[in-house]
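Colleague: Now for the letters of each chain:
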Amino acid sequence: MARLPEALRAPALSVAAVAAALAAGAAVLRLAGYAPGPALWVMANAAFGGPFALADTLVKATPLALCGVGVALAFRGGQFNIGAEGQMLMGALAAVAAGLQLASGWAMPLVLASAAAAGGGWAFLAAWLKTARGVSEVISTLMLNFIAFWLVSWLVHGPLQEAAKSYPQTEMVAEALWLGRWLPPTRLHAGVFVAVGAALVAYGWLFFTASGLRLRVLGDSPQAARTAGISPERTAWLALTLSGACAGLAGGIEVLGVSRRLYEQFSPGYGYMAIAVALLARRHPLGVLPAAVCFGALEVGAAGLQRAVGVSAGLAGVVEAFVVLAVVAVSGRRDAPA
Amino acid sequence: MSFVPARLARRSWLLCVLSGIWLVGGIACGGRAPDAPPSQPGSAGAPDANRPDSDKKPRVALLSPGPISDDGWNAFGYDALKIIEKELGCEVRQQQVNDSPADREQGFRAFAQEGFDVVIGHGGEFADQALAVARDFPNTTFVVTAGDKAAPNVVSVVFDTGQASYLAGAIAATLSKTGRAGAIGGQNIPASARNLYAFRNGARAVNPNMEVAVAFIGSWTDTAAARQQALAMIDKGADFIIHDCDAAAAGVFQAVKERDIRAFGMQKDQSHLAPDHIIGSPTSNPQGLAEVVRRILQKEQKGEVVHLGLKDNAVGFAVKKGVISKELEGKLNALTLAIQKGEIDVFKEQP
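So the sequences go chain by chain: G and P.
With our numbering applied, the first sequence has no gaps in its numbers, which climb one by one up to 338 at the end.
With our numbering applied, the second sequence has no gaps in its numbers, which climb one by one up to 351 at the end.
Isolated chain P, as found in the complex (with noise of 0.2 Å):
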C-alpha cells in the first residue's frame, strides 16, 4: 500500500524541519558567529526612545543606489562614510536600495526614524524623496550626493567632477590620432550626462573639430551592453574612451583591451581595472563629502546646494606617470588654473 509509506514520508519529513530549526537555533542562541559585525546586532533595531542617553556618538547613514563593491560612484560613497566614521567618530550604517523612489523614500524614512542625524542619499536622484521625508523629521539632515534641490534640512553637495573630465577631454583631443572619442554615460541622468559633455568640451577647446560620440546605456550594471557601445565607438575610430557608467565600466574596459586604445576611469582611480590602457581618471575626493557632514554636525551648514571642485581639493584628476609630456602637462596645468579661477566653465555646452 502507497498510504504507510506516504504518511511516514510525510513524518520523517516533518522530523526534518524540526531538527534543522533546533540546529539552526541551537547554534544561533550558543554564541555569536565568528564574523559577526561589530555594530551589535541585538540593539540596532531597536527604537531610538530605547538608547542610553550616554550614548551621544552622532550617527550617520548612507544610501546606496548599488553595490558599494563598484570601485566607482558607490564605492566612493562608501569612503566618505569610513571617513565620517573614523575621523568624526561617528556610529555609521549603509544600505543599498533599489532604484525606485518608493525604496528610496523608505531608506530616508527608515533611517530618520531610527534617529539618525545624517542620512545621506548618494544621486542626485534622491533629492525628491529627501525634500518629502524633510518635512517630516526636522531633527535630521540630509544630505543628496549630485543633488540639485535644498531645504532648511537638506543639503545637496555636487562634486563638479566635469572639470577633469574637462582635463581628459583635452588630453584626448592632443593625444588622439583619429581625431575622435566616446563617451559612455550608464543613465541618461544631470549628474552623468555633465559629466560627459564636460569631456566633450575639454577635448573641443583644443581641437575644435574633435568628435566625441555621448551614448547612455540606461543602466550602471549591464557590463555586456557597455562593451558592446564602447567596441561600436572603437569601430567608427575613438581611440579614447571615457566612461561613467559605475560597475558597468568593467565592460568598457574589456573592449578597451581587446581593440588596445585608450581610456579614462571616473569617481576613483581606476588605472588598476587595466592598467595598461586607463591614463587618467578624474576623481571626487571622500573627503569633501566627510567635511560636509562634519559642518552639518557642528551646526556651520545651512541647507543649501554645496558645489566642491578643483578648487576646493575636493575633485581631482589622478594621472598615470609617464604618459603625458611636459609641454602637455603645462598646458593641462593652465586649463586647471583657468578652471579654479572660474575663467573656463567646463559645462557651458550641454546637449
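Chain G with its partners taken away, still in its complex shape (with noise of 0.2 Å):
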C-alpha cells in the first residue's frame, strides 16, 4: 500500500475506524447468533431511513457534538478530561435552576450561558486541584462525575423534586424557554445548530487565535510551551475551563430542546461517548460533527435493532459497546494527551 498523503491519513484512519467498529458489531451479531447483515440495515436504517430517523440521530447528536468539542479542546491541550459527564449534568442543573425561576423567551441566552458557567466551573475545580495540588486531572475530572450524578440524584428526590411528588424529577422549565422544534412530529430542535457553531467557533479559536495556538502548543510540548515563555498553569485552566463549558451548554441545549426537566437517568453516558467521540474525530473541533453523527446514528441504530428485530436491550448495549470499543482501538492511538 502506497503511503498516503499526510493530509488524507487522519481521515483515511477514522474511516477504518468505522470500518472497524462495524465489523466488531457485526462479529458480536453473528456470535449471538443473528445474521450481521440484515441487521445491521436494520440499524442503518433506524439510523437514516427517512426524515423521522435523521431527525432522532440529529437530536443524538447534538450533546454529542458539544460534548465532544470540549473534550477535543481538552484533549489539544494536553488534558484528559473525562469529566464531560459531570460536567454536562451541573449545566444542566444550572439550566433547570435558573429555567425554573425565569419564565421569559428573552432569558434563553442567560440560562444557557449559566449551564456553560456550570461546566466550566466544575471543569475549573479540576483544573485547579491539578495545579494547586498535583491532582491528576484524569482522577478528578472522573470523581467530579459521579458528585454531579448523586448531587442531581438527591435534588430531584428532595429539594427540586416535583410539586406532585409522583416520580423523583423536576418539575418542567416554562415552555418560553423551550428551543424551537421544526418538522414536528420529529424532536429536531435548534440545539443542532448550536452545536455547528461550538464547532466551528472552536475551530476558529483553535487554530487562528494567539490563545489556541499557546493551547495546542501546550498539548503537544509542554516543554516547549515552557520554553516559549507559555504558562502552563493558566493554559491548563483555559483548556479544561473551556472543555467544561462546552459540556455545561450540552446539558442546558438538552434541558430547552429535549428533556425540559432534570431526572437521574438525565444522561445515557454522552459524557463518555464524547471521548469516542473526540477520538474519532482526531481531535478536532469540526470533525467532532460528522464522529458525533456517528454515534448519534449508534445510540438511535441500537434501540431500532431492538425494535425490529427483537435483539434484547442487554445484547443491543454489548453491540453499542464494541463499537465503541473498536472506534477508539482503531483511531485512539497516539492520539490521547500522554
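These are calculated hints, taken from the structure and not from any lab test.
Please read these numbers as outputs of a predicted model, since none were measured by experiment.
Any given hint might turn out to be false.
[Said to hold, decoys possible] PhoX-like cross-link-like pairs, simulated, lysine-lysine; straight-line CA separation at most 25 Å:
no.: 1; chain 1: G; residue 1: Lys165; chain 2: P; residue 2: Lys348
no.: 2; chain 1: P; residue 1: Lys149; chain 2: G; residue 2: Lys165
no.: 3; chain 1: P; residue 1: Lys177; chain 2: P; residue 2: Lys257
Assembly of the complex is requested from the two constituent chains, each provided in isolation within its own frame, with the hints serving as guidance.
Modeller: Encoded structure:
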C-alpha cells in the first residue's frame, strides 16, 4: 500500500475506525445468532432511513457534538478531561435551576450561559486541583462525575422534586424557554445549530488565535511551551474550563431542547461517549461533527435493532459498547494526551 | 531499524481488519443466521409507506421499563403482548427503554412513526410522554399501564393489584407471631406505593396494632440493596415481607431464605423463586391488558382511565396450598367479596 498523503491520513484512519467498528458490531451479532447483514441494515435504516430517523440521529448527535468539542479542546491542550458527563449534568442542573425562575423567552441566552458557566466551573475545580495540589485531572474529573450524579440524584428526590412528588424529577422549565422544534412530529430542535456553531468557533479559536496556539503548543509539548514562555497552569485552566463550558452547554441545550426537566438518568452516558467522539474526530473540532453523527446513529440504531429484530436491550448495549471500543482501539493511537 | 517492523505491523493489522470484514460480511450476505428471528429484520425498519396494503395485521408494540426476564412487572407486560400476538393475531414488537423521559418519548415516537396501531408504555411513568406524543399521532392509540391520565387516544389501564396485597396483609397479620411485617418497594412511585400501603391497610384491618414498615430502595434492579433492606426489617422483628421492587426482589427472597421467614411475591406467581417461603403472590392477569387492546382495535374503547381489579378477574391472588387454614380461607373469601362489591377501599390509608 502506497503511503497516503499527510492530509488524507487522519480521515483515512477515522474511516478505518468506523469500518472496524461495524465489523465488531457484526461479529457480536453473529456470535449471538443473528444474521449480521440484515441486522446492520436495520440499524442503518433506523438511524438514516427517512426524515424521522435522521432527526432522531441528529437529536442524539447534538449533545455528543457539544461534549465532543469540549473533550477535543481539552485533549488538544494535553488535559485528559474525562469529566464531560459530570460537567454536562452540572450544566443541565444550572439550566433547570435558572429556567424554573425565569419564564421569558428572552432569558434563554442567560439560561444557556449559566449552563456553560456551571460546566466550566465544575471543570475548573479539576484544573485548580491539578495546578494547586498536583491531582491528576483523570482522577479528579472522574470523581467529580460521581459527585455531580449523586448531587442531581439527591436534588430530584428532595429539594428540586416536582410539586406532585410522584416521580424523581424536577418540574418542567417554562414553555417560553423551549428550543423551537422544526419538523414535527420529530424532536429535531434548534440546538443542532448551537452544536455546529460551537464546533466552528472552537475551530477558529484553536487554529487562528494566539491563545489557541498556546493551547496546542502545551498539548504537543509542555517543555516547548515552557521554553516559549507559555504558562502551563493558565493554559491548563483555560483548556479544562472551556472544555467544561462546552459540556455544560450540552446539558443546557438538552434541557431546553429535549428533556425540559432534570431527572436521574438524564444522560445515557453522552459525556463518556464524547471521549470516543473526540478520538474518532482525531481531536479536530470540525471532525467532531461527523463523528457525533456516527455515534448518534449508533445510539438510535441500537434502539432500532431492539424494536425491529427483537434483540434484547442487553445485547444491543453490548453491540454498542463493542463498536465504541473498536473506534477507540483504531483511532485512539497516539492521539490521547500522554 | 524499528521503522520497518512498525510499518509491517500496521499493514498486517489492516489486513486483519479487512479480512474480518470480508469474513463477517460473507457470512452475513451468504445466508440467514440459524435462529434468525421470524420478524423479517430486512423489512422491519422500513417506513410504513412501503408496506403492502394486503398486510393488514394490526400492529402492537410494548415499551418495557426493564428486562422482560424479571419474573415480575415486565414479564407480565410481555405475557400480555404474547397473548395479543396469539389471540388477537397482531404483529407485535417490544423494546426496553432507559429510565428517562426522553428515551420513553423516543420509543413512543419511533413506533408511532412506523404506523403502529397501539403502543403500550408499561408503567405509570410513561403517562406524560404518552400525552405529549399522542397529540402528534392521532391514528395511534397509546396505552399506559398503571397510568393516571387519559386523552382521546390515550388509555390508562390501572391494575389494582393492591386489592390482592390487601389480602396478603390480612394473611400476614393473622399468621404473624411478632406482629410486625415489612414492605419493600423499588422506586417511590404511585403504583408501587399504592400496592404496599394497601398491604399495610389489609394487615391493620385484621390487627390494628400490626406494625408494617414500608421502605423504598430507589431501584428496580439493585438486589443487594433489597437484601439489606429485608435483613434490616427482619432483624427488627418482621416475620412477613412483601415486595414490589421487581427484579430486585431476588435480594428480598435471598434474605427471606437466610432468616427463614415467610414472604409474598408480586405481579406473577413467584412461589418458584423461594418455594419454602413464599406463601402467596398478588397477581395481575395479562389477559386484562390484552382485553383492553382488543377493545381499542375494535374501536370499542374510548380514551379513559380503566381500573381493573379482583372483580374483573384482572387481579388475582395465587396462594400456596396447605398454608391457609379453613378458617382463614373463609375470612379471605369474605374480604374478597367485600372488595369486589366495593365495600372496602383498600387504598384508603395512604402516607
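Colleague: For each hint, tell me whether it holds in the structure or not.
Modeller: Cross-check of the supplied hints:
1. Proximity of lysine 165(G) to lysine 348(P) is assessed by CA-CA distance (about 19 Å); at most 25 Å being required, the pair is judged to hold.
2. About 16 Å separates the Cα atoms of lysine 149(P) and lysine 165(G), which keeps this hinted pair within 25 Å; it holds.
3. With a C-alpha separation of about 18 Å, the suggested pair lysine 177(P) and lysine 257(P) falls inside the 25 Å cut-off, and the hint holds.
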